[in-house]
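Given chain H, work out where chain Y should sit, using these hints.
Quick note, the sequences are listed as chains H and Y, same order.
Take the first sequence: its letter number 298 is residue 297 in numbering that gives the first Met the number 0, and every next letter is one higher.
Take the second sequence: its letter number 224 is residue 223 in numbering that gives the first Met the number 0, and every next letter is one higher.
A portion of the hints provided could be inaccurate.
Stretch-level coverage of chain H by chain Y, calculated; a stretch enters the list once three of its residues show a Cβ under 8 angstroms from a Cβ in chain Y [to be verified]:
1. 25-34
2. 48-59
3. 66-72
4. 288-295
The set of hints was computed from the structure by calculation and includes no laboratory data.
Backbone N, C-alpha and C define an ideal beta-carbon position, used for all residues, glycine too.
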Amino acid sequence: MDRTLSPAATLARALAAPTSTATLAGGDWTALLAVARAELLIGTLAHRLHGVAVPAAVAAILADARTAAVEQRRAALWEAEMVRRALAPLGCPVVLLKGTAYAAAGLAAGAGRSIGDCDILVPRAALPAVEAALLGAGWEWVKPDPYDDAYYRRWMHELPPLIHRARDRMVDVHHTILPLTARPTPDADALLADAVDLGSGVAVLSPEDMVVHAAAHLFADGDLAGGLRNLWDLRCLLDEADPAALGARAARHGLSREVARARRLVPAIYDGGRAAGTDALYVRRLLARDGWGRATRPATRLAFYVRSHGLRMPPAMLARHLWIKWRRPGSRA
Amino acid sequence: MRHATAIRVGPVTFRVGSAWPAPVAALADLYRDYPPPGDVPDFTVRLEPPRPWRRVFRPQVAIAGDFTLPEAVPLPLAHGLLAAEMGMNLQMALGHRRHLLLHASSVERDGAALLMTGESGAGKSTLSALLAARGWRFMGDEFALVAPDTGLVHPFPRPVSLKNESVAAVAWAGARFGPVLAGTPKGTIRHLVPDAAALVAMDRPVPPRLLVFPRFGHAAAVRPVAPAEAFVRLTEASTNYVALGEAGFRALTGLVQAVPAVAVDYPDGAGGIAAVEALWTAR
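The shape of chain H in the complex, shown without the other chains (with noise of 0.2 angstroms):
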């Protein structure tokens, strides 16, 4: 192999050119397993690799792997399905986000995929009768803080998160695809025009603003956390797109940088391409994991940590945040 690849463009590679891991050493692939799984790439790597020749111990862990997601995918759908029963009566759209959607439209970026929570997307005006509606039909709150509930109302993209207490899955109810905090103000309403019915009751994102939307989460929300796995997304979806539709579409969304940044970086992560200026910097935070599936370069993360703070709100809010965050105990912002 190429010994100057850390495990983590490994992976990178492995993903975007399965045949490369045809050089790897036994203990190559003890890495690049364990951080596929510490990424949850480890069920697109299993199906990348599908029919590439590996040696038998990692076929019988990939095999295991595609066999997880098939259920995770099947397990997902069906959340999708409950979650379109509860709200039907409502008449409202509703909008099947991420890996719930990748899934449910067959996109690429869904094969393989880990799915965790269900998120939806529906107009801010129905939001409470789709709340009303979840908690008739066997959701309940996750956290019952009144402040964390608050602010969620107040400054989120997104209802404080329901789970269900028979099936013990969440959903995640947005309204937009950033906090209200957040600088760039998508146009929700026209998220929601422009979405595709699939015909079962439920729609997705069009291509266009799936990229969008992805690179929104990405860039301009969060401290980058499994951001390997929201840029192969992006890989993916990019692949779908039309670039000079998806121009404008960002533009209309203020999401230009983001979605630029999306299109430096998918190529310097997974096809080899360089990353110049502070795209370097994103590099050095997507790639930051040992062969032991550790977290490493604490202090990038925790610039990237601090920066998502920064990006979520102004700062005399984050400072009023932090404080009623901090004075209460075991809680972390």
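Chain Y only, in chain H's frame:
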């Protein structure tokens, strides 16, 4: 990581890395008679300080790895071996998909397996070790691995984790024990290494023949358990039944339909052995 070893138990190879030498040395010694590991481990376990200074100052071992539980409480370094064992259990419970995983002990005689399952304290570990001392082949005291396609039970003969008074109750000629781990969250723990026959045969699966739900410390009683009840109790005893989806359902319904199930209350070890061996002979 600075200190590392690899261990294979039945079909599963673990890589265990540690920030300290002691847990890895204890582990390597406990498993020294096991067949060699595979070259690519199925799971990684990491024993690391929860905070950097906990490596040297009142050292604590946090259990990490491919699969972790956020609420897991760190253990003192003196219990590093227990942390490693718990770390391996955790990988199996959360990550293993190749077999239906039953929280059960298993022993083999006449080419077939006896499965014993029950809540902690029911005596499944102790009974399996007592039966092993009487010539049964020990297959595992923690997890029984049922292959969904064949229905065979695969051995997973980890060292027997004996707790408190069980430590003194179980042994056989030449039995080898790990260090005494006193004051753990589960009391005093000592590991008993399975005998050579168990380790030599750890790659040989066998079909199940009898399923027992033992209950220690009760007046002797034997009651047949209907397949439906056995099924429900085993769904609760399985860590991956839900995650396996349809394959888990098929494996479990196949098991309870193929194998009779019996609830056995027993007052003491001798009574338990007598009851179980009588049931086995009657089959």
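Now the hints, each set against the structure:
1. 25-34: With 5 residues closer than 8 angstroms to chain Y, the segment 25-34 of chain H meets the three-residue bar; holds.
2. 48-59: holds (count 4)
3. 66-72: holds (count 4)
4. 288-295: holds (count 3)
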